[in-house]
Amino acid sequence: MGIGLRVGVELVSALAVAVAIGWWLDNYFHTRPFLLMLFVLLGGAAGLLNVWRLLGPKPQSKPK
Amino acid sequence: MAAGHTIDALGQFELHSVLGPVGASVGFSESSMMMVVSSALTLVLLGVGMSAKAVVPGRLQALAEMLYDFVHKMCIEQIGEEGKKFFPFIFTLFMFILLGNLLGLLPFSFTYTSHIAVTFGLAAMVIVLVTAVALYIHGWHFFSYFFPAGAPIALSPLIVTVEIISYLSRPVSLSIRLFANMVAGHVMFEVFASFIVMMAGAGLVGYLGGAGPLALNVILMGFELLVACLQAYVFAVLTCIYLHDAVHLH
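Residue numbers (the numbering used here), protein chains in the order written: chain A, 1 to 64; chain B, 1 to 250.
Think of the hints as simulated: they come from the structure by calculation, not from any bench.
Using N, Cα and C, we set each Cβ at its ideal position, and we do this for glycine too.
Any given hint could be a false lead.
[As the list claims (entries may be wrong)] Derived list of chain B stretches under chain A, where covered just means 3 residues or more per stretch with a C-beta under 8 Å from a C-beta of chain A: (1) 159 to 169; (2) 174 to 185.
[Unchecked claim] Take a look, some chain B residues computed to stay more than 12 Å from chain A by CB distance: (3) V55; (4) L60; (5) L67; (6) G121; (7) I137; (8) V234.
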């Protein structure tokens, strides 16, 4: 169950953070729901970035 | 507990105060109780284990030394030579989560790592430390972390926002991973245990049928021991990786 759960958690957590930010900014600027819509997309992108960091090619670590 | 035909799989995570009226007046719950127990066990393990100072270690000393070496090696491998500075923090974190997970598997015990409040508290502590370390070492240069070198400047608003969301999602994913693993394991225990009780209610055939979920629960216990250790390791190793990023900025 390891890798599947990790990918799911990465996707969901990025989305959750983005939704929280979008929601808060919307409240702050009174622009509901436009910033929320924008941040949902950005959150999805950030989630994919997380998954890419998890599964993608590893950078040559510790060049020192 | 299986009351009638319903399975109350989440009731086990409810908090109650312990230690009578004294505990109730300060809101001292099972969760706090188990935290105190696990911290005390860690201290006892290290204190008693290392008091012998034998060249050929006994069982307790060998355990203490192995745990110490394991975390120490992990710090140096993941963070580099600077990792030694963070060893006390990582070791405390690792032992706290490991004992929390393992003690939670005992009957009549409570798994404090199955509460998102606890795991998110730990993860928030980690991310604050990581950010503080990065700011302390690199100053304002730390913010270049959010913009990879060589990316077109026109894309910067998009990249920086996505990178910041990705950075902020670290504590969330860190806490959800530990919390979800613990909750899932304990819910499965409860569900299969309820099956045993329900089966047993059906008479002689039920007693035979109950052997199935019982066997599953025994297997599950072995699996949960693995998950308990693995999740403590994952939490510690991810903390190390984040600290590596903070110290070296990529």
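Verification of the supplied hints:
no.: 1; hint: 159 to 169; result: holds (count 7)
no.: 2; hint: 174 to 185; result: holds (count 4)
no.: 3; hint: V55; result: holds, 34 Å
no.: 4; hint: L60; result: holds, 32 Å
no.: 5; hint: L67; result: holds, 23 Å
no.: 6; hint: G121; result: holds, 16 Å
no.: 7; hint: I137; result: holds, 17 Å
no.: 8; hint: V234; result: violated, 9 Å
Of the numbered hints stated above, the single one contradicted by the structure is hint 8.
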